[in-house]
Amino acid sequence: IIFVCLIFITGGVVLSLELIASRILAPFFGVSLYIWTAILSVTLTFLALGYQFGGWMTLKVEEKHHESLLLSLPILSALFIGLSCLLYPLILPKLSGIGLIIGSFLGSAILLAFPLILLSSLNPILIALFRQSSNSKDAGAGFILFISTFGSVVGVLVTALLIVPNLTNYSALLVNGSFLGLFIIFVHFRTKQDRTAVINKRLLISSVVITSFCLLLLFFKNSFLENVTSNVDRLGNRLKILSEYSSHSGNLKVVGVIPKGEKKISHYQLLENGLSQNFISKDGKPLSPYAYHLVNLAKFSTNPKSALVLGLGGGEVPRMLSNKGMGVTVVDINPNTLRAAKEYFHYKPNKTKIIFEDARTFVKNCNRNYDLTILDLFQADGMPEHIMTKEFFK
Numbered sequence: 001i002i003f004v005c006l007i008f009i010t011g012g013v014v015l016s017l018e019l020i021a022s023r024i025l026a027p028f029f030g031v032s033l034y035i036w037t038a039i040l041s042v043t044l045t046f047l048a049l050g051y052q053f054g055g056w057m058t059l060k061v062e063e064k065h066h067e068s069l070l071l072s073l074p075i076l077s078a079l080f081i082g083l084s085c086l087l088y089p090l091i092l093p094k095l096s097g098i099g100l101i102i103g104s105f106l107g108s109a110i111l112l113a114f115p116l117i118l119l120s121s122l123n124p125i126l127i128a129l130f131r132q133s134s135n136s137k138d139a140g141a142g143f144i145l146f147i148s149t150f151g152s153v154v155g156v157l158v159t160a161l162l163i164v165p166n167l168t169n170y171s172a173l174l175v176n177g178s179f180l181g182l183f184i185i186f187v188h189f190r191t192k193q194d195r196t197a198v199i200n201k202r203l204l205i206s207s208v209v210i211t212s213f214c215l216l217l218l219f220f221k222n223s224f225l226e227n228v229t230s231n232v233d234r235l236g237n238r239l240k241i242l243s244e245y246s247s248h249s250g251n252l253k254v255v256g257v258i259p260k261g262e263k264k265i266s267h268y269q270l271l272e273n274g275l276s277q278n279f280i281s282k283d284g285k286p287l288s289p290y291a292y293h294l295v296n297l298a299k300f301s302t303n304p305k306s307a308l309v310l311g312l313g314g315g316e317v318p319r320m321l322s323n324k325g326m327g328v329t330v331v332d333i334n335p336n337t338l339r340a341a342k343e344y345f346h347y348k349p350n351k352t353k354i355i356f357e358d359a360r361t362f363v364k365n366c367n368r369n370y371d372l373t374i375l376d377l378f379q380a381d382g383m384p385e386h387i388m389t390k391e392f393f394k
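Counting in the working numbering, the final residue of the sequence shown is number 394, and the numbers go up one at a time with none missing.
Each hint should be verified, as a subset may be incorrect.
What the hints assert, rightly or not - Think about it this way: if two alpha-carbon atoms lie no more than 20 Å apart in a straight line, the pair counts; the simulated SDA-like pairs of lysine to any residue are:
(1) Lys260 / Thr229
(2) Lys192 / Phe130
(3) Lys305 / Lys351
(4) Lys348 / Leu310
(5) Lys253 / Lys285
(6) Lys353 / Cys366
(7) Lys299 / Thr329
(8) Lys324 / Tyr370
(9) Lys221 / Ile241
(10) Lys260 / Arg234
(11) Lys64 / Gln193
(12) Lys342 / Ile354
(13) Lys240 / Pro93
(14) Lys192 / Leu76
(15) Lys192 / His65
(16) Lys282 / Leu242
(17) Lys353 / Asp376
(18) Lys351 / Asn369
(19) Lys324 / Leu310
(20) Lys390 / Phe378
(21) Lys353 / Gly325
(22) Lys201 / Ser68
(23) Lys260 / Leu235
(24) Lys342 / Ser281
(25) Lys201 / Phe186
(26) Lys201 / Leu76
(27) Lys285 / Ile374
(28) Lys285 / Leu242
(29) Lys253 / Asn231
(30) Lys240 / Ile258
(31) Lys282 / Met320
Said to hold, decoys possible - The following label-pair restraints were derived from C-beta to C-beta distances:
(32) Leu145 / Glu244: 37 to 43 Å
(33) Ser266 / Asn369: 40 to 46 Å
(34) Ser288 / Leu49: 43 to 49 Å
(35) Leu216 / Glu244: 20 to 26 Å
(36) Gly325 / Val158: 46 to 52 Å
(37) Thr389 / Asn369: 19 to 25 Å
(38) Asn367 / Leu49: 52 to 58 Å
(39) Glu63 / Ile102: 41 to 47 Å
(40) Thr389 / Lys348: 29 to 35 Å
Just so you know, the hints here were simulated from the structure itself, not pulled from any lab data. Beta carbons: idealized from backbone N, C-alpha and C, even for Gly.
Throw the hints in and build the complete structure from the sequences for me.
So, in structure tokens, the structure goes:
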């Protein structure tokens, strides 16, 4: 039973790593179809290699050592998860300059290759273990694959609903590595009577060392990232993270921009999943022409009294419309956007109704007419695909 639980856990970690990788790659390569093509291709390639590697190991390693092998590979996987956290902040910025397709494939491989090969190799090894004691014709293969796949389903749900909304991408990777290590330590103590003292000692020492490695990286995350990443942009401006808001709908950061040669913050930048969304002065004035152009387009509407704004951002567009005397309704999927707008962009929702809902759902069910509708929705580097459809605009 304990080994079946191990397969369930490792199946969950596999899909958790895939989901987190998509968010890590977003600031460097966006969230286009190419990115998901790279991630899915890399995932399936290394899962396939892992299955083959696991089968090869069952042939090369004596049967009496299959159980030790089953515990060693997740520990190695945790090690490579920790190493990828050391490497990707240094390598991904360089890969972003060599092309979208090649860069995204290489970035996915750096994050996923070794952990996926090692974790997927556990399935054939456990099947080999079951074959030694099972009388069933498939040696438990169907049951093991069912448990592994079901674990992947749970891994996706836990990652999307619990890990991503509450942790940064870097921390989420290390939580997976640390959890793997801790679980292997637990399994070791539950099954140590079946192995020799020498093997038990090696397993325990390696498990403790690698788990400690992941936990230390997690604990000293801020210090490490400050030392290996640059807070200076191409123009020589210094960037200072002032606040961060994690949620299932995106990771928001408010960054203070200190111009080259100066010591004080001149304006704020709003980032979603690492990509810029707004530039706003310290007193809340938009510094991007984009917001002014959107509001100026309202002149094409004859004496508008009401406006629907899909997307809050830093609150610049709703504020300017409200100042023109319009009744404004704002729809945004992420409640943290309002928090950031209030705390840093001096936004006050005077005479403005704010609704937190998916814009497509709101528009479909809306039974009220507005004189003006402004579509200001962005997800990372572009409009969300589900609102860029003929059905949505109808």
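field: Structure-inconsistent hints, enumerated in ascending order
entry: none
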